[in-house]
Amino acid sequence: MDLLIFKDLRKSDDMDIIEFAKRVCPNQELNKFQKEILLKYQKAKEENKELILCFSRCIGRTMVMKIIDEFHNHN
Numbered sequence: 001m002d003l004l005i006f007k008d009l010r011k012s013d014d015m016d017i018i019e020f021a022k023r024v025c026p027n028q029e030l031n032k033f034q035k036e037i038l039l040k041y042q043k044a045k046e047e048n049k050e051l052i053l054c055f056s057r058c059i060g061r062t063m064v065m066k067i068i069d070e071f072h073n074h075n
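Using full-length UniProt numbering, the first residue of the sequence shown is number 1, and each one after it goes up by one.
Hints may be right or wrong, so weigh each one.
So the derived label-pair ranges between C-beta atoms look like this [said to hold, decoys possible]: (1) 49 with 16: 11 to 21 Å; (2) 50 with 27: 30 to 40 Å; (3) 66 with 44: 12 to 22 Å; (4) 27 with 49: 29 to 39 Å; (5) 22 with 61: 10 to 20 Å; (6) 22 with 43: 17 to 27 Å; (7) 48 with 27: 24 to 34 Å; (8) 69 with 49: 11 to 21 Å; (9) 62 with 39: 31 to 41 Å.
Bear in mind the hints are in silico, worked out from the structure with no lab data behind them. Cβ atoms here follow ideal geometry from the backbone N, Cα and C, with glycine treated the same way.
Let the sequences and hints guide you as you build the complete structure.
This is the structure:
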């Protein structure tokens, strides 16, 4: 299991994280699970709440982490 904790999430511009993901990883398609994680992250960020994600290792986890990291640093 991986435990991801994001604190001090500040409101981003109105960029949709799924659209952002398409720019970060243009040649890869997100699966339903990956989209769900990204949307939970974006919702917590918009509400300026702490977010804890706990999920078992899955194919594409590294891609999700890359997208979240770049989205977090972009805003």
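Hints versus structure:
| no. | hint | result |
| --- | --- | --- |
| 1 | 49 with 16: 11 to 21 Å | holds, 18 Å |
| 2 | 50 with 27: 30 to 40 Å | holds, 33 Å |
| 3 | 66 with 44: 12 to 22 Å | holds, 18 Å |
| 4 | 27 with 49: 29 to 39 Å | holds, 32 Å |
| 5 | 22 with 61: 10 to 20 Å | holds, 18 Å |
| 6 | 22 with 43: 17 to 27 Å | holds, 19 Å |
| 7 | 48 with 27: 24 to 34 Å | holds, 33 Å |
| 8 | 69 with 49: 11 to 21 Å | holds, 19 Å |
| 9 | 62 with 39: 31 to 41 Å | violated, 19 Å |
Taken one by one, the earlier hints fail for this structure only at number 9.
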